[in-house]
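One line per chain: the protein sequences are A and B, in this order.
Using the UniProt record's numbering, you'd call the opening residue of the first sequence number 1 and step up by one each time.
Using the UniProt record's numbering, you'd call the opening residue of the second sequence number 1 and step up by one each time.
A hint or two may mislead.
Unchecked claim - So the derived label-pair ranges between C-beta atoms look like this: (1) F28/B to A314/A: 41 to 47 Å; (2) E197/A to M80/B: 43 to 49 Å; (3) S35/A to L95/B: 50 to 56 Å; (4) N15/B to V263/A: 47 to 53 Å; (5) G265/A to C58/B: 19 to 25 Å; (6) V263/A to P7/B: 30 to 36 Å.
What the hints assert, rightly or not - Heads up, simulated DSS-like pairs for lysine-lysine below, C-alpha to C-alpha not over 25 Å straight-line: (7) K234/A to K284/A; (8) K12/B to K42/A; (9) K42/B to K234/A; (10) K149/A to K83/A; (11) K273/A to K42/B; (12) K45/B to K12/B; (13) K38/A to K186/A; (14) K234/A to K38/A; (15) K45/B to K25/B; (16) K52/A to K312/A; (17) K42/B to K38/A; (18) K202/A to K158/A; (19) K38/A to K312/A; (20) K312/A to K83/A; (21) K158/A to K134/A; (22) K106/B to K273/A; (23) K11/B to K38/A; (24) K12/B to K273/A; (25) K13/A to K83/A; (26) K42/B to K236/A; (27) K11/B to K273/A; (28) K232/A to K45/B; (29) K42/B to K232/A; (30) K186/A to K202/A; (31) K273/A to K104/B; (32) K45/B to K273/A; (33) K190/A to K236/A; (34) K236/A to K45/B; (35) K3/B to K26/B; (36) K24/A to K312/A; (37) K26/B to K12/B; (38) K24/A to K7/A; (39) K25/B to K273/A; (40) K8/B to K26/B.
These are computed hints drawn from the structure, not numbers from a lab.
Cβ atoms here follow ideal geometry from the backbone N, Cα and C, with glycine treated the same way.
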Amino acid sequence: MVKNPVKSLKAQKHALGETAYQIKVLNDTESIGFSMPKFREKLDEIDLFPLKPTALEILQINMGKMCNQVCNHCHVDAGPDRKEIMTRETMELCLEAIRNNNFNTVDLTGGAPEMNPNFRWFVEQIREISQDIKIIVRCNLTIIRANPKYHDLPHFYKTHNIEVVSSLPAYTESRTDAQRGNGVFKDSIKALQMLNEVGYGKEGTGLTLDLVYNPSGAFLPSGQAGLEMNFKRKLKADFDIEFNYLFAITNIPISRYLDYLIVSGNYGAYMEKLVNAYNPAAAKNVMCRNTLSIGWDGYIFDCDFNQMLDLKVACGSKHLSEFNASELVNRDIIVNQHCYGCTAGAGSSCGGEVA
Amino acid sequence: MDKYYDPKDLKKFGNIKEYSPELGKKFFDWYGEVFQEGALTKREKGLIALAVAHAIQCPYCIDAYTSDTLEQGCSEEELMEAVHVAGAIRGGASLVHGVQMMNKTKELLM
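Can you build the whole structure from these sequences, using the hints too?
Right, here's the structure in full:
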């Protein structure tokens with residue numbers, strides 16, 4: 001059992017708070033304890049290296065690392081002590097990218113994106129550009145309960161037709177709190193009930209409420225459909241909660257989850273599991289092929305994980321201020337050993353399984 | 001070899017094909033098929049396997065199906081209830097023989 005951190009790795013001045021050190025650890029075969037093939041070699045075997053984008057469809061915007069929670073597995077190393085949040089000027093650059101390109105989805109994440117003081121303004125501006133574009137907010141649920149000023153978030157989401165995607169790693173308190181912190185389960189349940197009250201997750205309302213399941217420990221998710229069935233049955237029976245879909249997501253071995261794996265003695269075995277579960281079909285459908293990830297400071301990345309490892313896109317268009325769609329859609333996607341997390345088993349993306 | 005059970009041996013399970021490739025292949029094909037989603041879900045099959053693993057006291061199977069059932073999203077309570085089912089059947093199997101003992105006792109006593 002690993003206790004929940006109270007501070008981010010960065011605030012602790014932990015070695016794993018440094019991205020270069022994380023990449024070094026991930027490539028250190030000795031510390032892993034087995035001969036781990038390079039991820040790029042696995043792609044090469046199926047003629048997928050260098051990995052290229054298929055289209056620019058999803059713009060995932062990380063609005064900042066500030067969060068009201070300090071989860072054990074957080075790949076962002078987010079928390080209340082993180083002050084890096086997106087400014088309005090950078091949001092203007094995001095809006096320009098949305099206006100001038102054909103993204104069909106804007107996916108807002110963090111940290112807790114709602115803690116950014118310009119969050120609501122930003123959503124309104126996106127809706128002004130397009131009534132049809134799908135807007136997703138990755139809501140940690142407890143933010144809705146964290147302060148009275150957030151209590152009306154379900155109404156705000158509804159007004160702007162936002163799809164809500166929320167993490168709930170288990171339908172039991174102990175398993176959820178072990179990953180996300182004491183008291184998170186109870187607050188999450190209350191928040192889900194508030195979302196249901198305004199129609200989210202209810203049949204016929206058109207208001208989508210999806211849940212994200214990621215394992216509370218050193219194991220992989222399995223069988224998204226089966227997990228969804230059980231979550232639906234248990235949440236309905238125990239709390240009268242309804243939701244639309246459950247996305248099963250693999251924990252990627254970076255940042256705090258990497259720290260957890262090392263401290264708990266599970267690191268080598270977990271990496272071996274990921275490598276053994278490598279699925280070429282999942283590799284073909286990885287989310288970085290149709291997604292761009294934007295950092296709080298406007299830099300562009302292949303995905304949120306590369307963002308947290310500070311691996312900026314490998315082309316001239318590294319920042320929103322120099323956004324060039326044709327350069328970006330023709331870039332080589334940067335891969336490293338953490339990418340095994342997205343290709344294990346049925347694969348993993350921000351929308352769950354991919355194969 | 002200085003011990004009977006080594007957790008690393010679980011990964012070598014496939015090596016049983018070395019001495020009997022055809023039978024080994026048949027076994028693993030059948031094994032894989034058994035655990036597919038069917039009238040029972042993979043999750044239900046995992047819990048049955050975990051209970052059986054305890055009934056036959058196979059440490060490899062206990063490791064394998066603890067991981068499997070966690071991956072299927074089972075809770076600690078569900079895992080332990082499965083173990084209790086195994087225990088109840090094992091205990092019950094002993095106790096139900098008490099009827100045999102009673103039959104024999106009644107046959108022999110005045």
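Inset, instruction - Find the hints from earlier in the document that the structure breaks and name them by number, from lowest to highest. - result: Hints 2, 4, 6, 7, 13, 14, 17, 22, 31 and 35 contradicted; others consistent.
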